[in-house]
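Those protein sequence lines, which keep their order, are chains U and L.
Every letter in the first sequence is one number past the one before it in this note's numbering, and letter 44, counting from 1, is 357.
Every letter in the second sequence is one number past the one before it in this note's numbering, and letter 78, counting from 1, is 391.
I should point out that these hints are in silico values taken from the structure, not numbers from a laboratory.
Hints are all accurate, no fakes.
Intra- or inter-copy, both count: the list cannot distinguish identical chains.
Okay, derived cross-link-like pairs now, DSS-like style, lysine-lysine, Cα gap no bigger than 30 Å in a straight line:
| id | residue 1 | residue 2 |
| --- | --- | --- |
| 1 | Lys-355 | Lys-336 |
| 2 | Lys-358 | Lys-387 |
| 3 | Lys-355 | Lys-383 |
| 4 | Lys-394 | Lys-333 |
Protein chains: 2
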Amino acid sequence: MFVIITYDIAEAKILNKVRKTLKKYLIWTQNSVFEGEILPGKLHKCVSELENIIDNEEDSIYIYEIKNSKNIQKNIYGIHKNFDDTFI
Amino acid sequence: MFVIITYDIAEAKILNKVRKTLKKYLIWTQNSVFEGEILPGKLHKCVSELENIIDNEEDSIYIYEIKNSKNIQKNIYGIHKNFDDTFI
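Only chain U is shown next, with the shape it has when bound in the complex (with noise of 0.2 Å):
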């Protein structure tokens, strides 16, 4: 399946393992936004890594899920970023 996954994370330490958890598995495509195609089975492995580092209070974490890439299209409008060789 297709997943975009976005955050607001309080806390930059937080925000660093989020993101670190998050580049094991997906594509960093914006400064707040991960994507790609994704296993379910990794999926819910991401899901737990991240369930176990987030502030249940004060954080929050979508996770889009798309059956089949073919449902949706994206358009950039813009600069096209790509953060994965930043280093974190």
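With chain U held as given, fit chain L onto it using these hints.
Chain L only, in chain U's frame:
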């Protein structure tokens, strides 16, 4: 159609204008995310407005269009934010 719009905007003044524009059409659900159902004509109008606001060398806006909202599932971890009452 259902859309998710995410953005990275460098300057606060531009960021404010982008949010004000998006608020006319969609729901503000995370710091850098708006989403909701929108008619193609309205989306076209929204995009035209955004193109006139952003700096094409610095900013980026991603628009994910999902033809049928049945094809997307959203899971929330942590807090469920809503910025719609935020004054901008």
